[in-house]
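If you read the sequences in order, they're chains F, R, W and A.
Each residue of the first sequence is one higher than the one before, counting from 1 in the numbering used here.
Each residue of the second sequence is one higher than the one before, counting from 1 in the numbering used here.
Each residue of the third sequence is one higher than the one before, counting from 1 in the numbering used here.
Each residue of the fourth sequence is one higher than the one before, counting from 1 in the numbering used here.
To be clear, the hints were calculated from the coordinates, so they are not data collected in a lab.
Any given hint could turn out to be false.
Remember, identical chains collapse to one label, so a pair may be satisfied in a single copy or spanning two.
[As the list claims (entries may be wrong)] The calculated DSSO-like cross-link candidates involving lysine-lysine, where the alpha carbons are at most 30 Å apart (straight line), are:
{"id": "1", "residue 1": "K304", "residue 2": "K331"}
{"id": "2", "residue 1": "K335", "residue 2": "K277"}
{"id": "3", "residue 1": "K342", "residue 2": "K301"}
{"id": "4", "residue 1": "K118", "residue 2": "K223"}
{"id": "5", "residue 1": "K118", "residue 2": "K224"}
{"id": "6", "residue 1": "K335", "residue 2": "K118"}
{"id": "7", "residue 1": "K153", "residue 2": "K301"}
{"id": "8", "residue 1": "K161", "residue 2": "K118"}
{"id": "9", "residue 1": "K330", "residue 2": "K342"}
Values in this document were obtained by computation on a predicted structure and should not be read as measured data.
There are 4 protein chains.
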Amino acid sequence: MVRFENDYAEGAHERILKRLVETNEEQTPGYGMDEHCETARAYIRRACESEEADVHFLVGGTQTNTTVIASILRPYQGVIAAISGHIAIHETGAIEDTGHKVLTVPSEDGKIQAEQVKELCDAHWNDGGPEHLVQPGMVYISQPTENGTTYSKAELEELSKVCRELGLPLFIDGARLGYGLVSEGSDLSLADIARLSDVFYIGGTKIGALFGEAVVIINEDLKKDFRYFIKQRGGLLAKGRLLGIQFETLFEDGLYFEMSHHAVEMAMNIREAFIEKGFSLRYDSKTNQQFPILPNDVLEKLSKTYSFSFWEHIGDSHSVVRFCTSWATKKENVKQLIEDIKALEMEYASV
Amino acid sequence: MVRFENDYAEGAHERILKRLVETNEEQTPGYGMDEHCETARAYIRRACESEEADVHFLVGGTQTNTTVIASILRPYQGVIAAISGHIAIHETGAIEDTGHKVLTVPSEDGKIQAEQVKELCDAHWNDGGPEHLVQPGMVYISQPTENGTTYSKAELEELSKVCRELGLPLFIDGARLGYGLVSEGSDLSLADIARLSDVFYIGGTKIGALFGEAVVIINEDLKKDFRYFIKQRGGLLAKGRLLGIQFETLFEDGLYFEMSHHAVEMAMNIREAFIEKGFSLRYDSKTNQQFPILPNDVLEKLSKTYSFSFWEHIGDSHSVVRFCTSWATKKENVKQLIEDIKALEMEYASV
Amino acid sequence: MVRFENDYAEGAHERILKRLVETNEEQTPGYGMDEHCETARAYIRRACESEEADVHFLVGGTQTNTTVIASILRPYQGVIAAISGHIAIHETGAIEDTGHKVLTVPSEDGKIQAEQVKELCDAHWNDGGPEHLVQPGMVYISQPTENGTTYSKAELEELSKVCRELGLPLFIDGARLGYGLVSEGSDLSLADIARLSDVFYIGGTKIGALFGEAVVIINEDLKKDFRYFIKQRGGLLAKGRLLGIQFETLFEDGLYFEMSHHAVEMAMNIREAFIEKGFSLRYDSKTNQQFPILPNDVLEKLSKTYSFSFWEHIGDSHSVVRFCTSWATKKENVKQLIEDIKALEMEYASV
Amino acid sequence: MVRFENDYAEGAHERILKRLVETNEEQTPGYGMDEHCETARAYIRRACESEEADVHFLVGGTQTNTTVIASILRPYQGVIAAISGHIAIHETGAIEDTGHKVLTVPSEDGKIQAEQVKELCDAHWNDGGPEHLVQPGMVYISQPTENGTTYSKAELEELSKVCRELGLPLFIDGARLGYGLVSEGSDLSLADIARLSDVFYIGGTKIGALFGEAVVIINEDLKKDFRYFIKQRGGLLAKGRLLGIQFETLFEDGLYFEMSHHAVEMAMNIREAFIEKGFSLRYDSKTNQQFPILPNDVLEKLSKTYSFSFWEHIGDSHSVVRFCTSWATKKENVKQLIEDIKALEMEYASV
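Could you build the full structure based on these sequences and the hints that come with them?
So, in structure tokens, the structure goes:
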């Protein structure tokens, strides 16, 4: 079975493992106070062109989203998110568990528009008794989104502008940030992400690390006492240097972007193969996740050799599925998949 | 200004005030352990034909909803509710504040259907990794709904059946329960409500009491330690006898239903007047809330004499508004309103 | 049975009931937006000599403590309180339920000293890894305390000074504030309370109202969005005017203090009787709660005619009990109690 | 600088790193559903002689304590713990953050006695209004304790018996479980731990793993839906196999115990050296943490070469400090430390 079901099926890039082995016997202080973490923070600040940024390392995405959001909102506030946002669906209500409502807005492609944020806030403040409603307190977006789509620089600038006008911190979930930054047509740099958001994180788990997410806090008001939040929510890794060593490796010379490039290239090849065969794509993703709409017999056939994720039914005859590539995806596997796609004998026409 | 804006604009029925005055110098134990509470509990059990029910008295609706729901759900569970449910909108995220997601289902009229509950649960349990999703843990409905509509006996039986099959406690928010029970065409008795739900409350605040909601727990599993929940959430009134005295008065000889009848009669008169004048109604309510769709100039004209609530815009020219009656609504005020409706000179046609 | 077991055994002062009856048919907006609440707020600001104060009305003490504390603390902060503080013991963990630890300091008499606050904070900030500990975020005291004792002006000034130096808001639980303000030897006025605290509440439930606590927010930083907190925590009474009417009556011409005087006078008479008979007192209370140490046979004898609260055992032969007076305590009952104390034939010597 | 300040200063045992490298390119399902986790679970069940146990892997200790405790308690319940318990002090109020009070009992050595649990519960249930108090809902102990002391089999059996009589689940924090199990004089096996508790965890972070704690749930009632809790609290590691691989290595052939033995041997050597030199020990620890009471000049001298943790002041002249050994402690470092202790010229006598 060749796995395309997610982007965390393997361990870590070999350079990361090598560094873990090399540094294994070093004695360091715990909880992220070691030299490796310091160096990694410096590399990340440099990559973000944000010398004043605070950088913290956490283990996983749900933990990171929960910690950041709980650190920003007041108890009666909620976080605005796309209805398809990870925090709205796939985190077992972790945000609600911290006492906050996720204020969802509709979205076809996983993105939310500046205008939607403005309308939601206007509706709140124009209500006769706004204190009976959850007050919007921040905005959460994913770049790239859970559907593989990306915000353009113009879109992000507009969203950022509206957020700042409304006094809403903008938090970018970058679980797959690298895959978005290097995607075809992307006009956003890491520095842009830092400039246009208040806080974001750079995902390591899905891009070459064993685990780890680097939270970058740009907005001065959000920096205070963040380590208390991490510790209280169980995210302060005792051997914090494991995170430092990994991000040091990822950001010392561009490995993070190099791996992202590879994954996106592989995904685009798969995308092309599906399109050439006449299949439609559910979302116009230029990143490492591809969502072809497949007749169910095709789906069944491919699933004998490949694992991928079921996404949703389209009528009785078709389904959307997700193929993920990653830094670890092997060229020969993609090549084989493409050949198998080409070789499909189609009984049903695509949607 | 004659107020139709809500059903809590006045104090309490005069008999309740009289009893509070008569009993004022009695010395009683606190926190609902007094004789008046005991008597009121007995009256309510009798009215519900549920001799084994536990009855607790709380002060207000949000408090009651929060306390009941927090007492039922496990931390990773959510409560299924209509998207228009009071807990989903008008309680400042009080449910989320207790750590739980409100799992909303679409609704045009404020009701939810048994089938919707079943589908939501099927979707959860058929997911590849249900533990990444909030688990449905109970169902919340309002009778009558926030839109004035009511469940029929058949609908409630079907909903109750599905909930029991799925192991989901069914909680009925009865903030306006009396208005529903006496509404035209209603085939549900208080005993039916008790029989078909696991827990519900009988609203006093909106039906003749100064304040107070009587929680009736039918399901044996939900009874344990409920007083701890009330106390922890700040709902255990020191002078608990105030609640006992009020519900004693409401249920000793049918005053609760008598007052409900009056309010519904007044509302139906207003409804008729709007219909006769050619206005449409947003919801088919037979209870104390009426939702006419009015041209904006009519709205403006009426608002010079009457207060009522804005509900929503319909295009640029019309609005839905809410007229509420209550146990305290004066016949002469309703009569005057009806005459003013009849006398309207219409510039716009109704929608 | 004559009840001295608590200070909430009766209803309300007759003037309050009279006003509730007189205003019963008025139609007012809900949720505290009515004229009675406005007037009551003005009276309270005047009494506090704090024209800029925000005044909010809630129903009960646990609700008030929880709402105020949850509105002040950040998630990783705790509230400093005496080990005997109401929030530390008798509120079913309501503060913890909002996510916050109660950081208790030892106390013999119910009070905490400025020095204790300073030491606790020093210990926190001097710890090698303070983010592993709950950060002190505010201070809670009761005036009078749960033991009937009171802070002097000098003590409160010192505590207030330390709190301000440390950036810790000082919150005074005034469930029995009136009884403290009028107590023998008290040198604190309501204006002093306002001047020296950041937020406090004036208890109505235990001093003549049916229910109700008036939160007075002095510190500008704590005012923002407080109504959201009240609503979210279920404390925004629909018929808010009930609170307004009661506090209007209590503060229009000094009724609050007049009733407090009566209760304290009654308590001091009881205190004298116990002392004269040779009994010791557990706490040196000059307020409406008295804590005599009684031989168990005396306790048993008195309990045939009077109800009072058991407080704690002292060895095998004696117990501390609590006698409470209130605005409603009848002179003839106190006279009878005093005579019964005088008439006791003592088998055991007092401790 | 030679570090004895904690037991998480290095990476992982070389065999663990080797396995991570070997398995790095394997493609596995995420979230703990892989073969390595399955195998590790089987090894642990075997080591616990509990074939029916559920085994889950989490990343760190605070996360594990919070997740387990939140999964057991009802909202109005608290967890009984020693006043020195890790959850009571060093987790930034993580337990309170989940809404629960830590009900602390006094302890001189870090252990709690069966009798203390019984007394606390009796006091609760004999209170006139127990619903005003936090209800005891479970018991938390650490084995070994934060002070390095250990429960004997007799003590644990008595505690377990009382907990079962009272219906309180017993949870054992085993962050350093190995060090306790192999300590001199220990009469408890892993199977005993499983037999006498309801749920416990086997710490990996401090005993040879990069990170990881294995939760073992014995009590059938506590097993339900535990994965929801892990996910909701951010503890479901995407690359769950990292935990599986580590625990597989630790438990396939006794490596866990072998490493524990080494650490304890090293600690006992240090202990002997201090005792021989005439120093007292604050706690009678036979495990990997040693707490000598040192004159401050000795402390200062040793701190030039060795890092260790300050614990507490004893008067002006002495301090308690903590020396930790671990699986990674080098014999030559211990030897050097012992020589340096022997060579101390003492100005002060020990306490």
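Hint-by-hint comparison with the structure:
1. K304 - K331: within (19 Å within a copy, 55 Å between copies)
2. K335 - K277: within (15 Å within a copy, 71 Å between copies)
3. K342 - K301: Within one copy only: 13 Å inside, 70 Å across.
4. K118 - K223: This pair counts as both: shortest intra-copy Cα distance 26 Å, inter-copy 25 Å.
5. K118 - K224: both (28 Å within a copy, 22 Å between copies)
6. K335 - K118: Neither, since 46 Å and 43 Å both go past 30 Å.
7. K153 - K301: Classified as neither; 40 Å inside a copy, 49 Å across copies.
8. K161 - K118: within (11 Å within a copy, 43 Å between copies)
9. K330 - K342: within (19 Å within a copy, 60 Å between copies)
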